[in-house]
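Generate the whole structure from the sequences, applying the supplied hints.
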Amino acid sequence: MTSTSLDVERIRKDFPVFSRELPDGRPLVYLDSGNSSQKPNLVIETMREHLALHYSNVGRAMHVLGAESTEAYEGARDKVAGFVGASRDEVVFTKNASEALNLVAYSFGNPVNTDPRFTLGPGDEIVVTEMEHHSNIVPWQLLAQRTGATLKWFGVTDEGRLDLADGVITERTKIVSVAHQSNVLGTVNPVVELARRAHEVGALILLDASQSVPHHPVDVAALDADFVAFTGHKMVGPSGIGVLWARAELLDAMPPFLGGGEMIEAVWMDRSTYAPAPHKFEAGTPPIVEAIGLGAAVDYLTGVGLEAIEAHERELTRYALEALREVPRLRVIGPETLEARGGTVSFTMEGIHPHDVGQILDDQFGVAVRVGHHCARPLHLRFGIPATTRASFYLYNTTGEIDALVRGLHHVQKVFA
Amino acid sequence: MTSTSLDVERIRKDFPVFSRELPDGRPLVYLDSGNSSQKPNLVIETMREHLALHYSNVGRAMHVLGAESTEAYEGARDKVAGFVGASRDEVVFTKNASEALNLVAYSFGNPVNTDPRFTLGPGDEIVVTEMEHHSNIVPWQLLAQRTGATLKWFGVTDEGRLDLADGVITERTKIVSVAHQSNVLGTVNPVVELARRAHEVGALILLDASQSVPHHPVDVAALDADFVAFTGHKMVGPSGIGVLWARAELLDAMPPFLGGGEMIEAVWMDRSTYAPAPHKFEAGTPPIVEAIGLGAAVDYLTGVGLEAIEAHERELTRYALEALREVPRLRVIGPETLEARGGTVSFTMEGIHPHDVGQILDDQFGVAVRVGHHCARPLHLRFGIPATTRASFYLYNTTGEIDALVRGLHHVQKVFA
Amino acid sequence: MIGESMYQELILEHYKHPQGRGLREPYDAEVHHVNPTCGDEITLRVKVDGDKVLDVSYDGQGCSISQAAASVLHELTTGSSVAESLSVVDEFTRLMQGRGQVEADEDVLGDAVAFAGVAKFPARVKCALLSWMAYKDAVVRSAAQ
Amino acid sequence: MIGESMYQELILEHYKHPQGRGLREPYDAEVHHVNPTCGDEITLRVKVDGDKVLDVSYDGQGCSISQAAASVLHELTTGSSVAESLSVVDEFTRLMQGRGQVEADEDVLGDAVAFAGVAKFPARVKCALLSWMAYKDAVVRSAAQ
Ligand SMILES: Cc1ncc(COP(=O)(O)O)c(C=O)c1O
Ligand SMILES: Cc1ncc(COP(=O)(O)O)c(C=O)c1O
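Chains as they are written, first to last, in full-length UniProt numbering: chain A, 1 to 417; chain B, 1 to 417; chain C, 1 to 145; chain D, 1 to 145.
Read the hints as simulated data drawn from the structure, not as lab findings.
We put the beta carbon where it would ideally sit given N, CA and C, even for glycine.
Be aware that a few hints might be false.
[What the hints assert, rightly or not] Simulated DEER-style distance windows between Cβ atoms:
#1 A:Pro111 / B:Asp224: 30 to 36 Å
#2 D:Leu12 / B:Asp270: 38 to 44 Å
#3 D:Asp107 / B:Ala308: 48 to 54 Å
#4 D:Arg94 / B:Asp224: 51 to 57 Å
Given below as structure tokens:
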């Protein structure tokens with residue numbers, strides 16, 4: 001085992017799942033945090049206690065429980081805002097990153113909204129990349145279909161980097177939406193450069209930070225983005241909660257998305273006025289306890305320290321890339337160096353289907369990896385492969401677990417020899 | 001205290017919040033379940049255990065935790081389906097009732113979709129009622145604005161019943177969206193008759209069952225509706241989870257709403273095909289633990305028995321209507337008999353603003369009621385009042401708590417005399 | 001509990017016996033403010049002479065907090081200088097938006113310190129501020145004339 | 001654990017040494033089925049004579065489960081009657097969709113009982129069924145001619 005700056009054994013004790021055994025006494029080797037992360041006691045207990053003793057609806061209620069819930073819910077917004085260097089009024093709670101991305105997509109081409117930055121029609125262009133998660137492709141396809149706008153994209157090089165060709169972003173581009181870090185390749189994209197190019201032509205830029213915010217210190221101002229989306233369940237927070245950050249001025253300019261209670265100022269039968277952001281985009285009873293759980297997750301991550309987490313994952317990635325190089329007939333899809341990449345390593349094994357790899361790793365070794373196209377089918381088509389096996393690391397992983405993965409892969413090759 | 005068919009003392013022990021004291025030793029008298037309900041241990045513990053030991057993303061993962069989470073999540077769908085007499089493929093999980101209502105609203109007037117039932121434009125009509133929650137008004141206003149369709153509504157009588165005038169539903173009506181039970185008046189609407197009228201002219205009908213499913217046995221088939229929306233947090237379930245039920249054939253005919261992971265079949269950069277319902281409408285990582293918590297809530301409610309809960313609430317409502325009649329200068333807004341009404345009682349007190357009523361009830365007696373327009377401002381405008389005080393009952397309430405409310409109201413009158 | 005309650009004797013006193021209520025002539029500016037979430041309304045007039053606030057008259061409807069706040073506003077502003085009155089408004093606003101964490105300056109606020117308890121109830125802060133924001137608005141408009 | 005595993009010796013055997021693989025002539029119907037979620041594909045041909053299945057030939061790519069299932073399909077169907085083979089398909093489908101709760105009828109399924117363990121993995125059930133659904137489709141089409 002290689003030691004890193006984190007006291008991983010202590011951290012693992014915070015996550016109750018690591019105290020369980022899988023059926024047949026297999027230990028759990030969880031290398032699937034890119035899919036969803038495990039939860040520390042702090043998050044679980046914060047949610048339990050709130051549900052048990054302090055729960056009520058927020059905003060509307062004027063009694064003790066209502067005040068306690070509202071304070072906890074809005075306090076979570078403060079925490080999340082602080083975590084990414086944002087102002088609290090710019091933090092919109094959604095149910096996941098996908099809702100956040102769709103919210104932005106639905107802001108464009110709404111005939112009711114005349115702000116020129118958000119009008120969209122034939123001739124206008126939307127730009128994404130070939131390495132996006134489906135959640136950052138399909139909303140834009142649907143938008144293009146509804147409005148007649150054109151969807152364009154940056155390609156990906158053989159090394160798994162963006163091919164920053166000229167002519168993709170043009171004077172006709174209205175919005176550029178791109179992953180901060182790829183959920184398959186691990187590649188960290190040059191988002192500041194992309195923001196520069198987008199702003200140069202008057203376009204807006206949205207960063208899908210689902211895979212970066214959990215793993216690196218992220219400051220939304222420094223990224224020079226207009227919108228940033230991320231999701232609670234990948235950052236040791238609960239399911240059911242996501243975040244859209246946007247510049248206040250843009251939230252004001254955008255039309256409402258979901259209509260309903262809490263997003264209004266006044267309602268008559270024939271018209272309504274809307275609450276200021278962020279509430280304007282939070283229709284109905286929000287994921288109250290989930291936001292509070294995300295606040296606890298932010299406390300937990302901050303307590304450990306994002307820099308330390310980043311450094312630890314870097315060590316794990318270095319170790320994994322080296323170890324996988326020793327496995328015969330294994331090909332890493334994505335950057336093979338540590339430069340501008342995070343702790344997600346995807347690979348293929350010659351002649352063996354990833355589904356078989358994943359199942360045997362799980363079945364025989366308790367190693368949980370993800371297999372398939374990881375909601376990035378176009379990227380797999382680009383590499384001419386139907387699927388990959390993906391190992392993704394987080395603060396609670398050890399080099400010993402990477403050893404277990406490698407042992408498992410050798411066994412897989414024996415089974416299918 | 002009046003005894004009813006439920007063993008309320010035993011039930012109250014299942015809800016940990018009733019073991020707490022409010023600041024200054026006040027007991028908690030929670031009469032705000034119409035806003036959001038409290039949670040039993042079964043729900044809290046089911047969620048805690050899942051988060052601690054079985055959590056992972058669903059659908060996509062092929063390892064033990066992934067299988068456990070997927071089974072629990074899809075098992076919750078089975079439970080919810082069973083609870084309302086639906087087929088599992090017709091149960092879509094959303095984040096709340098508001099998202100469910102918006103999902104249906106966004107299905108109309110989408111230029112990509114040519115199913116004649118869902119086309120919408122100038123000349124077409126949308127019908128709601130004056131007693132709707134904002135979540136069943138604003139989505140339709142936004143839809144009307146986007147498409148040029150006309151929004152119409154049924155009025156409300158002085159007694160708080162729907163004024164079922166002719167000429168509201170016409171040959172031009174495409175969708176009728178109406179509350180099964182009013183969240184202010186307690187009125188249960190004649191939804192079967194409305195469904196008949198809607199279907200007669202070829203329109204679809206959506207029932208906002210947010211206030212009925214938690215309190216009465218509901219069988220979606222018997223209601224003869226096309227869509228039914230409800231929400232987890234009002235039925236002893238967690239926040240962050242709602243339900244849209246729709247006939248399978250309609251879910252097939254509707255265009256996708258939110259795009260992203262898990263709602264697709266195959267994705268290319270320039271087009272996608274979609275998964276069959278219900279997954280087609282569940283983009284991204286769903287509220288996994290929240291759905292599982294809702295499944296536990298359904299187990300809990302089923303264990304107690306919906307008929308027994310309904311009978312208990314009926315007793316409470318009878319008791320409350322009688323007791324409130326004794327309070328001077330108090331006026332109930334809504335039906336004053338038990339006929340076709342649920343356990344929600346709203347009222348005004350002459351010369352005293354509801355905000356003051358609510359605050360003193362809470363401050364001095366620990367009685368939690370809701371004050372304001374309860375997200376039904378048009379209904380309050382109809383009655384010419386800015387706000388009401390609302391007491392709403394559930395399985396854990398007692399007649400003793402209604403006595404406490406009445407004592408509190410007498411005190412309020414003394415303070416402002 | 002009684003001490004914690006936001007219904008201080010003084011607030012109830014102002015609610016039951018509002019000072020200076022009613023719309024009066026002459027005036028330099030009239031404004032109408034509404035809190036759409038709870039329906040509270042106020043119509044407020046100011047009469048200014050040079051730097052001196054000669055009269056603040058008002059009418060409105062709403063909860064005890066919003067009504068009492070208007071009465072206290074009338075007392076504190078009428079007869080003082082415009083500058084002085086605006087600094088009272090600023091201090092009152094700071095107190096109300098302090099989420100119960102801010103210590104009130106009694107020298108500046110006078111009777112208005114009775115509202116300190118309201119700051120802990122975010123839903124009620126707007127009620128307390130309604131007339132004060134209307135006053136600020138009216139003063140600005142009167143100066144613009 | 002070994003007993004629970006879905007990688008029965010027999011499945012691996014069929015995967016490594018597929019029976020009847022390759023597309024052959026003559027045939028009455030050819031179908032191409034794809035599982036878009038995982039990319040598994042199969043092209044399958046049937047040659048039927050009256051009530052008798054003369055040949056089931058196929059080619060495809062995918063995981064061991066989908067490939068082995070095609071091999072077992074070939075063995076169980078080639079040479080049997082159409083009606084008999086379709087009842088095997090039905091029994092196999094019932095087993096696969098039984099979420100691990102269904103007892104397999106070994107008399108009907110023969111070697112295909114080795115797939116019982118797959119039924120517990122919803123994500124893999126489609127892999128196992130790919131070729132069997134393709135076969136059913138092909139038989140229907142051949143009858144339609
Ligand atoms: C009748 C009615 N419809 C819709 C809603 C909205 O539900 P949710 O807040 O869960 O979106 C509510 C409750 O707030 C309601 O009472
Ligand atoms: C890069 C990226 N974008 C978006 C998403 C979607 O997030 P969610 O499932 O929370 O909506 C994910 C994860 O699934 C992701 O990895």
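Status of each hint after checking the structure:
Here the CB-CB span from A:Pro111 to B:Asp224 is close to 34 Å, well matched to the stated 30 to 36 Å. With their beta carbons about 39 Å apart, D:Leu12 and B:Asp270 fall inside the hinted range of 38 to 44 Å. Roughly 49 Å separates the CB atoms of D:Asp107 and B:Ala308, a value that falls within the hinted 48 to 54 Å. With their beta carbons about 34 Å apart, D:Arg94 and B:Asp224 fall outside the hinted range of 51 to 57 Å.
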